[in-house]
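In terms of the working numbering, the sequence shown has 79 at position 79, counting the first letter as 1, and numbering is strictly consecutive.
Simulated from the structure, these hints should not be mistaken for lab results. Just so you know, not all the hints are guaranteed correct.
What the hints assert, rightly or not - The calculated DMTMM-like cross-link candidates involving lysine to aspartate or glutamate, where the alpha carbons are at most 25 Å apart (straight line), are: (1) 48 with 189; (2) 48 with 177; (3) 48 with 149; (4) 48 with 25; (5) 48 with 335; (6) 48 with 20; (7) 48 with 171.
Unchecked claim - Derived DEER-like restraints, expressed as beta-carbon distance ranges: (8) 363 with 131: 21 to 29 Å; (9) 126 with 177: 29 to 37 Å; (10) 282 with 50: 31 to 39 Å; (11) 341 with 174: 19 to 27 Å; (12) 131 with 247: 52 to 60 Å.
All C-beta atoms, glycine included, are put in the ideal place defined by N, C-alpha and C.
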Amino acid sequence: MDTGPAVKEGTVGPVAVQADRGEADMAPILLAGLRAVNPAIVLVFGAKGEELAQLHARLAPGLPADCVIAGCSSAGEIGPRGYASGSVVAIGFPARHFRAAVLTLPDLSDLPVSDWMNRLRRLHRDFAPDPRRSLFGLLLVDGIAGQEDVLVAALDAALPSVPVLGGSAGDGLDFRETWLLAGGQVFSDAAVFLLVETDLEVSEITFAHFSPSDVRAVVTAATPERRRILELNAEPAAEEYARLIGVRPDELTPAEFARRPLLIRTGRRFHVRAISAVTEDGGLSLMSAIDTGTVLTLGRSEDMTQGMAEALAALPRPPLMVLAFDCILRRLALERAGLAETMSRIYAQHRVAGFNTYGEQHSGMHVNQTFVGLAFMDPGNAAAHAA
1 MDTGPAVKEG TVGPVAVQAD RGEADMAPIL LAGLRAVNPA IVLVFGAKGE
51 ELAQLHARLA PGLPADCVIA GCSSAGEIGP RGYASGSVVA IGFPARHFRA
101 AVLTLPDLSD LPVSDWMNRL RRLHRDFAPD PRRSLFGLLL VDGIAGQEDV
151 LVAALDAALP SVPVLGGSAG DGLDFRETWL LAGGQVFSDA AVFLLVETDL
201 EVSEITFAHF SPSDVRAVVT AATPERRRIL ELNAEPAAEE YARLIGVRPD
251 ELTPAEFARR PLLIRTGRRF HVRAISAVTE DGGLSLMSAI DTGTVLTLGR
301 SEDMTQGMAE ALAALPRPPL MVLAFDCILR RLALERAGLA ETMSRIYAQH
351 RVAGFNTYGE QHSGMHVNQT FVGLAFMDPG NAAAHAA
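All chains, full assembly: derive it from the sequences and hints.
Following this line, the structure appears as structure tokens:
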């Protein structure tokens, strides 16, 4: 991405604040931290349904009138101390360094692609980006509607020069319904797109902790519109997958799915096609698109904590904050391995904040079991990193 001019001394980056959803009134707790940066944007992660609308109603009067407030439900949160559950994380982006416009893209199930593309192009035109500053898009999308692949492709076609990252809203581990917030309204079957400009230095981070094994399988029957595999290798999908990973079908759980995912090769890279559940008819429900005839490779897990720490340490500057979209299946794998606290410490050290997703978007693709993030850095703070 292009970076803007040097930022004045005393840069204040984005700030993340967190409140327990059990608090009688979360708004004062969140506002106490958000007001310090005079935010142009506030992202709210973790609240569900009407709780999102109520939180907006309590936050908006205490924030600048032109502050863009958006957010979504989650499968878990990443706050100032790392992984969390049952909380709300709010991230404020200071008006001194950021400006944004927001657009709701409704009716995912109907796929009004032409309308989406026209509205996205109009948003970009009206926003009139400053070529001296970094420009990027943030996408929050219903994680149950199952239309991320088409939506991301439409975004890439409508705004080819704008890097877009994001995450699919979650519903814990229930996979029933997800919610999004924009303009004070709560939606499902929709996406929220933010066009954002900043004079901070911006660096994209993507990290997946799997490498391909030599075990392959062919999807011999699928229902693409429902993201379901009916057969693998001409056998019932769940039964064959269980055989490939060496467990009984009744032992298939989200933790097993997280440990041994299915990978699809695109060019020279492998991407995860994560499994969310075993269907009633013995198939596999996925979190990304799948077609009959697809060749899948069984993934092999690598060291998640070391790889993540190395990816963050490789940033050109110490981050003021890293906005994170982190798949829930990565978190489940960490918890199963007893490494969730280790990862939380890494996230806290590098000021990572965001939410656990049902899928991630970057580089014009919808992926799973991947960490996707944007690091915001002070362009004038090179010496501290070198030291």
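Can you list which hints this structure breaks, lowest number first? none
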